[in-house]
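Engineer: In case you want the letters, here they are:
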Amino acid sequence: MSNDKVKSLAEKRNEKQTETIQDAIKRAKQLIRNNDAENLEEPEGLASGDMKKFLNNPDEYEKDDKDE
Amino acid sequence: MLATHKEAEERYTILRKAVLDEINKEFSLTNQAGMSARLIDQMALSQSKLWSQSPNRQVDWDWREGYSAFKFRYPKRFEMALWHDEMLVSLSLGRPTYNGSRLRLDFIEGNPDKPKDIKVFEPTVLAMVAYAQVLGATELRVMHPINQDVKKYYERFGFSYVSKADYLYITL
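Here the protein sequences line up with chains A and B, keeping their order.
Residue numbers for the first sequence follow our numbering, so the first one is 29 and each next one is one higher.
Residue numbers for the second sequence follow our numbering, so the first one is 1471 and each next one is one higher.
Hints are not guaranteed to be accurate.
[Stated by the list, open to error] Derived coverage of chain B by chain A (criterion: at least 3 residues anywhere in the stretch with Cβ under 8 Å from a Cβ of chain A; other residues may be distant): (1) 1472-1483; (2) 1506-1515; (3) 1535-1544; (4) 1547-1553; (5) 1599-1611; (6) 1620-1630.
Quick caveat, the hints were computed from the structure, so don't treat them as lab data.
Using N, Cα and C, we set each Cβ at its ideal position, and we do this for glycine too.
Build the full structure now, drawing on both the sequences and the hints.
Structural biologist: Here it is as structure tokens:
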């Protein structure tokens, strides 16, 4: 296969990925619109997570996952 | 660092950048002048140190240490530094679950002194949905909201709270 052919396929793959990402962003915006969440005021000091727990023991933090 | 880890880091950095490029296009299209989405770098980590001086800060995290440890463990991670001109307005870190079907937002923090009209959660959701699409994940999770106000705010976006494990989720 020539380099041109390889480059062409890679470019096509990138283009497809860009389209996919754009579509996902459109869907996310629609989701936010559907929930009337576009103009909500953010709480002061917005934060989520437990970084201290992660840093204290990353293995335990990982084990505590109840997300599977 | 193992060669496979390094390769994964490089491969997923390309994907992370592709997502952030699209978020930046979105900022341009929606006239959010000054906003930009970038990978977390030394400049962002340095600026995050300034947050510790704010009386409005709700957490006392060391992002430099947290990012370094998280980056080392999770090459497929989600990461974003949101900037408004030269002001760092938020940092966020997450990762896909082991089977890849869910994308977690493990840590997010908004600049405690950012102007009220600058939103950071909404662009974070857009970026996470986009990265989930790239990974093939069909659910987003926001782990451990720090208080009721933040939890309620996420719920307004359609996220549902799971008290047992203290997270919110939304199916994509």
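Engineer: Which earlier hints turn out false for this structure, listed by number in ascending order?
Structural biologist: Going through the list in order, the structure violates hints 1, 2 and 4 and respects the others.
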